[in-house]
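**Q** Use these hints to put chain X onto chain L, whose structure you have.
Protein chains: 2
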Amino acid sequence: MKKRPQAVILLSGGLDSATTLFFARREGYDCNCLIFDYGQRHKKEIARARRLARRARSRSTVVRISLPWKGSSLLDRKLPIPERRTPREIQKKIPSTYVPARNTIFIAYALSYSESIGARAVFIGAHAQDSSGYPDCRKKYFHAFQETARLGTRQGVEGKGIEIITPLITMSKREIIELGAALQVPFRLTWSCYYGGSSPCGVCDSCLLRKKGFKEAGIDDPLIAQE
Amino acid sequence: MKKRPQAVILLSGGLDSATTLFFARREGYDCNCLIFDYGQRHKKEIARARRLARRARSRSTVVRISLPWKGSSLLDRKLPIPERRTPREIQKKIPSTYVPARNTIFIAYALSYSESIGARAVFIGAHAQDSSGYPDCRKKYFHAFQETARLGTRQGVEGKGIEIITPLITMSKREIIELGAALQVPFRLTWSCYYGGSSPCGVCDSCLLRKKGFKEAGIDDPLIAQE
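Protein chains in written order, with this note's numbering: chain L, 18 to 244; chain X, 18 to 244.
As the list makes no split between identical chains, a pair holds if one copy fits it or if it spans any two.
With a straight-line Cα cutoff of 27 Å, these simulated BS3-like cross-link-like pairs (lysine-lysine) come out: (1) K177 with K157; (2) K87 with K19; (3) K232 with K61; (4) K229 with K156; (5) K95 with K60; (6) K177 with K87; (7) K156 with K177; (8) K20 with K87; (9) K177 with K19; (10) K228 with K156; (11) K156 with K232; (12) K157 with K229.
Calculated from the structure, these hints are not laboratory results. None of the values given here were measured: they were computed from a predicted structure.
Just chain L, same shape as in the assembly (with noise of 0.2 Å):
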């Protein structure tokens, strides 16, 4: 039998990630997950990510990582989350949940983890349409990113490099979550709600995408109480 391909995923317990991580599963990849404990407000999507990785039957790894520094309200406790924002208003300018260069650390420990184990590729759930405005979602950072790492692994250099996936990168909420579905992803292990509260809050910006993109969709999110 064929060994199949290693791939480290980057698993944060959200919808996205999921679905990348299912995704991956599908495509033949024997998936490790990276999970980052990063001081965010609460541990839940830590919880999640674990569960959703043993239910795809995939390695987990959780690196606690340790910013001295602030400048998002995802970390700083006192700084507050912005709420009921339209759509339009969240992808305006980027915002306070911004945490800066989160996305390049992430990514980096993704590539160490890879040439440590062998893998060639990483994936990650970024998309730039209905997403948060930040800047490290998008297209042209990812394939910059890639140049950066063919360039600096010792991999890259013996021509076997890693390949940074992103295969959500165009899709907009509707489209993962359509694809998340087919794909058999447990949508109620998954967790959006920058809060960590019993139940989602429904009005921070991570929420209120995911409710408009289940009802683009036309289906029930299993976190919320149908009426």
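**A** Relative to the frame of chain L, chain X by itself:
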């Protein structure tokens, strides 16, 4: 009085990063040193880095990084560190001391730190000549990362991008030592040896390159007892 621009300096405690710190200070930057505790075999270089930062009247921040994977003889005590290699042998292939994607991780943190304090530059003392053949020490790698940084940060998007500056990139070890001497870098506080003994081992790649550099510069290394 005009406020000096902020810079983040990647400081390891070695000759190269110490010289880079004193160079950045001379260039008029207000320096914020970023020191990594990444599970290297010994902590000696961290202590030296802190002392060097104090001597340069700069702030310093130590970030603890845990890489749950191994793959480098700098991290894994079970792997031997290469010894007694000639400069030609050192440059021939990527050695076991290569830490997967290390500079990519370091620069990612430096970008995050820069954004949190509004710094305009990241200084890194990498150089390709007389180095250990690491892929992430090459000019073209930093060039690619510059583009990644521009596209992946809020400051880059807003046109106040963070410049990745590698002042030593084309220098030989001899030239770095000459520059350091001119900048009055306290060489006796630097530490290059891959081991953390009371005096340098004299046989690891790092000691050999340092010895060669001091000899070529015609300067005595204050860490080595002179005959």
